[in-house]
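Asks: Listed below are the residues making up each chain.
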Amino acid sequence: MASEAVAHESEHHAPPPKVDADVVARELIATTTNASVRFKAIAWTLGILGVIGIVALILKWVNDGDDSTKWGYVATIVSFLLAVCGGAPMVAMAPVMAKANWVRPVTRLAALFSFGSVVTIIMLIPLVALLPPLVTEGARRRSIWFEAPDYAPHIWSVVGLLLLALTGIMLFYSAAIPDFASMRDHATGWRQRLGKRLARGWVGTDVQWRTLRMRIGMFGTFYFLILVFVTFLISTDYGQSVIPGSRDAIYPMSLTISSFQGGVAALVIALYFARKWMGLEKFVHLDAFWSLSRLLFALTLLWVYFFYSSFIVFWYGRSANDIATLDLLIRGPMIYAFIAGAILIWFVPWWILIWNRVRRGTSAMVVGSFIILIGLLLDRARYFVSAWSVPQDQIHQKWLKVVPETYFPNIYDILIMVGAISLAAVIIMLMTRVIPVLSVWQVQEFNLLSKPIRYVRGHATLVAKPD
Amino acid sequence: MTTAEFGAHNWGMVVDVDKCIGCNACVIACQAENNIPINTQDRVERARTISWIRVERYWEGDFPDAKARFIPIMCQHCENAPCEPVCPVYATYHNAEGLNVQVYNRCVGTRYCANGCPYIVRFFNYWEPVWPESLRNHLNPDVTIRSRGIMEKCSFCVQRIRRTSRTARSEGREIADGEAQTACSSACPTSALNFGNFNDPNSKVSKMKEDKRHYTLLDQFGTDPNVIYLAKIDADKKVGAGEHASHG
Amino acid sequence: MQQRRELDQVYTNRKLLNGQLDTPKWWAPTVTILGIGVVIGLFVIATMINKGLGVTGLGRPVYWGLFITTFVFWVGISHAGIMISAILRLTQAEWRRPVTRAAELLTVFSLLTALVFPLIHAGRPWRIAYWILPYDVARGIYPNIRSPLIMDPVAISTYLTGSTLFLYVALLPDLGNLRDRTTGWKNAMYTVLALGWRGNPRQWKMQTVGGILLSALMLPIFVSVHSIVSWDFAVASAVEGWHSTIFAPYFVIGAVHSGVSAVVTMMALMRWLWGWDDFIRPEHFDALARLLIVVATGWLGFTFLELIFALYGQDAPEIALREMQILTWPWNMLFIIFLLTGYLIPVPMWLFKRVRTNIALMFWTSILVNIGMWLERFLIIVPGLARRTPFVYTWEAYRPSAVEWTILIWSFAWVTLLMLLFSRFFPLVPLFEQKESQVFTDDVMIGRAKVPAIVREAE
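Chains A, B and C are the protein sequences, given in the same order. Start counting the first sequence at 1; every next residue gets the next number (the working numbering). Start counting the second sequence at 1; every next residue gets the next number (the working numbering). Start counting the third sequence at 1; every next residue gets the next number (the working numbering).
These aren't lab readings, by the way, just hints derived from the structure by calculation. It should be emphasised that the depicted structure is a prediction, and the values quoted were computed from it without experimental measurement. Each residue gets a CB set at the ideal place from its N, CA and C atoms; glycine is no exception. Mixed in with the good hints, there may be bad ones.
Unchecked claim - A few chain A residues that don't get close to chain B, going by computed Cβ distances all over 10 Å:
{"#": "1", "residue": "47"}
{"#": "2", "residue": "48"}
{"#": "3", "residue": "135"}
{"#": "4", "residue": "149"}
{"#": "5", "residue": "216"}
{"#": "6", "residue": "279"}
{"#": "7", "residue": "319"}
{"#": "8", "residue": "323"}
{"#": "9", "residue": "431"}
{"#": "10", "residue": "457"}
Unchecked claim - Calculated lysine-lysine pairs in the PhoX-like style (CA-CA distance at most 25 Å, straight line):
{"#": "11", "chain 1": "A", "residue 1": "451", "chain 2": "C", "residue 2": "353"}
{"#": "12", "chain 1": "C", "residue 1": "353", "chain 2": "A", "residue 2": "99"}
{"#": "13", "chain 1": "B", "residue 1": "19", "chain 2": "A", "residue 2": "401"}
{"#": "14", "chain 1": "A", "residue 1": "465", "chain 2": "C", "residue 2": "15"}
{"#": "15", "chain 1": "C", "residue 1": "450", "chain 2": "A", "residue 2": "18"}
{"#": "16", "chain 1": "A", "residue 1": "40", "chain 2": "C", "residue 2": "450"}
{"#": "17", "chain 1": "B", "residue 1": "207", "chain 2": "A", "residue 2": "398"}
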């Protein structure tokens with residue numbers, strides 16, 4: 001709003017220089033080939049950690065494969081990765097829905113997170129094996145699967161996650177076709193051959209562009225629906241329904257909201273490092289950080305709202321079931337994880353992100369995003385470790401009679417968690433070798449649609465809003 | 001020394017469902033004792049009856065093995081009462097003697113307490129109460145007549161408790177076990193309703209509630225009632241404690 | 001999308017001030033008829049207070065009925081103002097501009113109406129002072145702040161104060177405008193109200209900053225009001241249909257759905273009655289309808305989530321309640337009407353641009369939404385209480401009486417009357433927002449296409 005622009009005139013500097021469309025294509029495609037030593041070192045380290053994580057997962061299965069109460073941290077990492085790798089691509093469909101200009105350059109990076117979902121699927125495998133069927137010893141536990149076959153949650157969670165990864169990759173691909181065409185025209189070696197194959201004869205006709213936008217819109221909508229669906233499945237089948245008596249209607253939504261939060265936070269971190277180490281300052285303006293930070297701020301507040309909405313109903317309701325749920329999930333052995341999680345997800349970032357100056361910068365934003373991700377991990381651990389610590393012979397009770405001892409992570413759990421995150425990160429990093437980390441055509445479009453102007457006595461941007 | 005002082009008791013009731021014959025004497029006694037307006041045809045039709053204690057019929061088991069049962073229900077005087085925290089004016093609160101008391105003068109009639117009550121034992125006065133001329137002189141002078149617009153419910157005959165403790169205090173002695181009786185418990189021909197002090201481990205009710213048949217109504221709400229039920233003995237089948245709690 | 005249209009300022013002033021400077025002919029008779037209706041309604045309320053709540057159809061266990069439903073409904077409508085003015089202001093949606101004033105007004109007047117209902121539904125309304133004022137300090141009995149019924153008036157009065165301020169701050173430039181165009185007592189009134197507005201840069205800056213600050217401050221209140229109203233129900237663990245953790249966001253998103261629909265209704269009326277075709281244009285309806293599609297779909301998702309988790313526990317009482325609410329006559333009929341009017345008819349229609357830009361269709365569909373949203377509240381509140389509980393011999397015993405229906409209709413007449421009275425003295429479309437939007441929009445040439453553009457703050 002320009003009246004604000006006038007109001008804050010003193011803070012404004014000259015607009016960033018305009019970059020030629022040709023330069024955008026050449027420079028961005030060049031980023032795929034020249035990897036720095038630092039990049040290689042980090043990729044190798046993360047890769048090794050990832051392999052160790054997979055080995056640890058197999059060893060844990062050999063050791064503890066018969067005791068479900070020890071698998072809470074694996075459930076945690078599944079829901080954490082689902083949040084981060086599933087939530088980030090949601091940003092990729094924002095321009096279609098809201099026609100926001102700032103988001104165009106970062107959509108590619110967001111969509112790349114879909115490839116991390118592969119790790120989520122790997123981590124889910126042991127949990128599928130450990131989750132008991134719906135009916136055990138003649139008793140049917142509480143679940144969303146009222147009359148469904150006994151193994152419905154197992155099948156649908158796997159199908160859902162596969163579908164999510166697939167749709168995410170399709171969302172990535174449908175928006176990447178023009179860039180593959182650019183690689184066909186500008187890159188060399190195997191990248192050019194790959195571009196030629198994947199561009200599928202893209203020349204940029206009107207029909208092709210219309211189809212492209214329609215595809216992005218379609219896959220984006222599908223992706224959103226599937227993400228909500230999968231989060232719903234994971235949170236009920238692997239969280240709520242293994243806690244006796246627990247019934248929290250808002251929890252799936254709360255998990256969805258925090259997965260957007262985790263996704264945006266991870267995207268901010270990725271964007272920061274990509275921008276700094278690949279020299280993309282020209283293409284990613286501060287505008288993007290500022291808008292992402294406002295989004296993150298809103299999501300942070302939503303987290304606390306959703307949490308409180310469910311907490312107050314349990315706390316005030318005081319039925320036997322309500323008290324048991326609070327005893328297990330909040331007042332129970334994980335109370336410190338809960339407090340730390342709430343402080344790190346909500347309080348600290350809220351206090352950091354509320355300042356305009358912080359949101360206009362990049363470094364404090366990255367710190368805030370890291371804090372949010374740590375808090376998110378703690379909060380997921382609070383819920384899922386508590387849920388899985390209930391012995392499986394008790395999950396049919398009307399409500400939890402005795403709060404079980406919590407399970408502390410051993411070396412395997414730590415290696416699995418570190419490994420899973422590293423593996424997801426390294427997959428995303430390797431993908432930036434295949435395709436430019438910023439979408440070439442979207443950066444060009446961004447430049448085309450926004451024009452710095454002089455406005456009254458200050459600077460402003462004139463943003464075109466095509467239909 | 002005198003335990004007749006306020007706060008020394010925890011009043012409660014033990015209802016032996018096995019002894020209850022469903023004669024409704026308790027209901028009549030309560031209506032008479034507590035100045036409850038007559039449940040006329042109009043009130044019944046519009047679901048506005050007031051009966052602080054009622055004998056409910058319910059079915060046990062599925063057809064064809066269904067059995068008709070009945071059970072007296074009154075305010076359960078919950079220790080953890082859902083009606084109390086929701087009242088905006090503290091018109092209902094828990095006193096030191098374990099009673100869930102209703103302060104008529106404070107009540108503004110939001111009826112929120114009644115919504116919170118799982119036993120549906122709170123009643124609202126939709127109209128000013130009226131009695132036929134012939135009954136005007138039969139009203140109990142110890143009990144307030146509730147005007148329209150306020151809630152009322154079983155008070156465990158608090159006026160009788162007060163009278164007993166006053167007498168005991170003036171005579172410098174403790175209240176004897178069974179001395180304080182509610183209208184319903186004194187009217188019960190089979191001693192199904194037993195009123196007494198749960199704080200005294202030797203009182204009749206304290207001993208009765210140790211019975212293995214004991215249960216509380218609707219325990220899933222975690223209300224912790226001061227009314228304890230003893231289950232019906234069924235010759236045909238063994239009934240465990242708490243089995244009555246969940247059917248409707 | 002913004003369609004750029006050049007409107008000169010003199011025309012804008014003349015058109016938008018037509019309610020104040022030359023009153024339309026229909027105004028006086030309409031106000032008179034509404035006024036008579038309102039007086040009749042007030043008489044019915046007074047009779048009810050005099051005779052007692054026996055004149056309603058309430059009984060046992062349905063202690064809350066039409067009044068609380070209508071209370072929730074009007075609180076829901078009040079969410080329009082902040083949604084349109086604050087949220088869309090913070091997200092910089094240009095198309096909000098012509099409707100901000102109407103939305104804020106709707107907030108203030110619907111809150112004033114909503115507040116009436118909890119008061120008159122109480123058994124002894126003349127003792128309500130007990131609730132809100134900390135009375136009798138000597139005895140130390142304050143209102144019970146644990147009670148949601150205390151949190152309600154606190155939240156609502158905060159919201160009301162905030163919205164009134166918000167409305168007033170946005171009204172200042174227009175008051176200055178009116179002051180300069182009137183004479184006599186009206187001039188004196190506007191002079192006092194305009195607080196010396198002259199439109200210099202400092203005043204504009206303060207007005208803008210004040211608006212943004214109020215927007216940000218009002219957001220948490222906006223969310224909390226309906227959340228607290230929802231907790232009136234959700235905290236009651238004994239009522240199966242109420243005790244759900246989803247209620248707070250579910251109520252808030254439902255409130256936005258009904259509030260924004262009410263704004264659409266109002267926009268259509270304003271366009272027809274005052275002839276503001278140049279200011280309230282089809283693209284504004286289009287944008288609001290797009291917003292409504294998203295909101296309504298989110299709301300439907302919450303509705304299903306609520307239902308799924310009601311059945312999730314597979315507890316007999318909860319299943320029995322849902323069977324009654326959804327499958328049993330007459331509730332099933334209400335449920336079907338609720339689904340049809342709240343979502344299934346309007347939203348698929350809005351998917352078509354021809355419907356979104358058709359003012360008459362938008363008017364009727366937005367009214368449908370509010371019928372559906374009223375029924376939604378009714379279907380939550382009444383069956384929740386009317387269900388058959390384990391040990392009770394009366395249930396489902398509620399049929400709203402004529403008195404209750406009269407008071408419900410009164411509330412609509414009352415809000416409309418307040419609106420019309422307001423429109424006589426103050427402009428319903430903010431003049432300065434209209435002019436500002438002229439300044440902040442432009443066209444750019446991209447290739448051969450002329451594309452509308454918006455001026456945004458530089459990074």
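Asks: Each hint should be assessed against the structure and marked as holding or not.
Replies: Evaluation of the provided hints:
The Cβ of residue 47(A) lies farther than 10 Å from every Cβ of chain B, with a closest approach of about 52 Å, so its non-interface assignment holds. Its beta-carbon lying about 52 Å from the closest one in chain B, residue 48(A) satisfies the requirement of being farther than 10 Å from that chain. Residue-level check passed: residue 135(A) sits 21 Å from the nearest beta carbon of chain B, beyond 10 Å. A cut-off of 10 Å between C-beta atoms confirms that residue 149(A) is not in contact with chain B; the least separation is 27 Å.
Chain B leaves residue 216(A) outside its interface by the beta-carbon criterion, the shortest separation being 49 Å against a cut-off of 10 Å. Remark: the non-interface label on residue 279(A) is consistent with the geometry, its nearest Cβ contact in chain B lying 61 Å away (cut-off 10 Å). Remark: the non-interface label on residue 319(A) conflicts with the geometry, its nearest Cβ contact in chain B lying 5 Å away (cut-off 10 Å). Distance to chain B contradicts residue 323(A) as a non-interface residue, since its nearest Cβ pair spans about 6 Å, not more than 10 Å.
For residue 431(A), the condition that its CB be more than 10 Å from all CB atoms of chain B holds, with the nearest at approximately 52 Å. No Cβ of chain B comes within 10 Å of the Cβ of residue 457(A); the nearest lies about 55 Å off, and the non-interface call holds. A distance of roughly 30 Å separates the Cα atoms of residue 451(A) and residue 353(C); the hinted pair therefore is violated under the 25 Å criterion. Simply put, residue 353(C) and residue 99(A) have alpha-carbon atoms about 17 Å apart, close enough for the 25 Å limit, and the pair holds.
Between residue 19(B) and residue 401(A) the CA atoms are separated by roughly 32 Å; this puts the pair beyond 25 Å, and the hint is violated. At roughly 28 Å between alpha-carbon atoms, residue 465(A) and residue 15(C) are farther apart than 25 Å, so this suggested pair is violated. With a CA separation close to 21 Å, the supplied pair residue 450(C) and residue 18(A) stays within the 25 Å bound. Among the hinted pairs, residue 40(A) with residue 450(C) is inconsistent with the structure: their alpha-carbon atoms are about 47 Å apart, more than 25 Å.
In summary, the hint linking residue 207(B) to residue 398(A) is not supported, as the alpha carbons are separated by about 30 Å, beyond the 25 Å threshold.
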